Amino acid sequence: GAGVSQSPSNKVTEKGKDVELRCDPISGHTALYWYRQSLGQGLEFLIYFQGNSAPDKSGLPSDRFSAERTGGSVSTLTIQRTQQEDSAVYLCASSQQKSSYEQYFGPGTRLTVT
Amino acid sequence: DAKTTQPPSMDCAEGRAANLPCNHSTISGNEYVYWYRQIHSQGPQYIIHGLKNNETNEMASLIITEDRKSSTLILPHATLRDTAVYYCIFHAISNFGNEKLTFGTGTRLTIIP
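Protein chains in written order, with the working numbering: chain F, 542 to 655; chain E, 1302 to 1414.
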């Protein structure tokens, strides 16, 4: 079946512009996570959704970052007034239910802020 | 999630067993050991997990020491497609459903033809 998909695959934007990144999780997966991976670094947790609610936003690095999830499915991560340090690969993962040990990751969106 | 220690890189000949070590001396009794891998330009992929006992699946085997302070991921017959960064993570299953994972920098495994 279809895996987690993310769009766009690559995004180049100018400093100060807003960007939206999209994640389509596997159908029926209730848990959704956003991570980011800077060059040469491990993955950094950003936010967790269970259904449409986000009980854990502790990883969002600043108030320029926000995310929403509608209909318990698609999620968008929005970065306002982008900065060069926001350049990274943004990864989305979903899992089937609460307390699931396996997360399925999408291919990521590579964001470059010039 | 507490800290793991992995060698930054390893090489393995194609067809041989690849043994990837991980130290997790501060692991708690309820924390599982997970392994994920990330092939270049792809998202991470779950491999295997375990608590106390050794585990095996179609991808790999996981050997956990009796004191649980270290583990080894074994790829029994490495192929070129196994070239990737391998992450060892430990994490307690949450009763609240938030299974956010803390990834370190992992081991870059290169399979040599």
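Just so you know, not all the hints are guaranteed correct.
[As the list claims (entries may be wrong)] Below, a sample of chain F positions facing chain E; criterion: calculated Cβ distance under 7 Å:
#1 Gly583
#2 Leu584
#3 Phe586
#4 Ala595
#5 Leu601
#6 Asp604
#7 Phe606
#8 Glu643
#9 Phe646
#10 Gly647
#11 Pro648
The set of hints was computed from the structure by calculation and includes no laboratory data.
These figures come from a predicted structure and were not determined experimentally.
Beta carbons: idealized from backbone N, C-alpha and C, even for Gly.
Results of checking the hints against the structure:
no.: 1; hint: Gly583; result: holds, 4 Å
no.: 2; hint: Leu584; result: holds, 4 Å
no.: 3; hint: Phe586; result: holds, 4 Å
no.: 4; hint: Ala595; result: violated, 10 Å
no.: 5; hint: Leu601; result: violated, 12 Å
no.: 6; hint: Asp604; result: violated, 20 Å
no.: 7; hint: Phe606; result: violated, 15 Å
no.: 8; hint: Glu643; result: holds, 4 Å
no.: 9; hint: Phe646; result: holds, 3 Å
no.: 10; hint: Gly647; result: holds, 5 Å
no.: 11; hint: Pro648; result: holds, 6 Å
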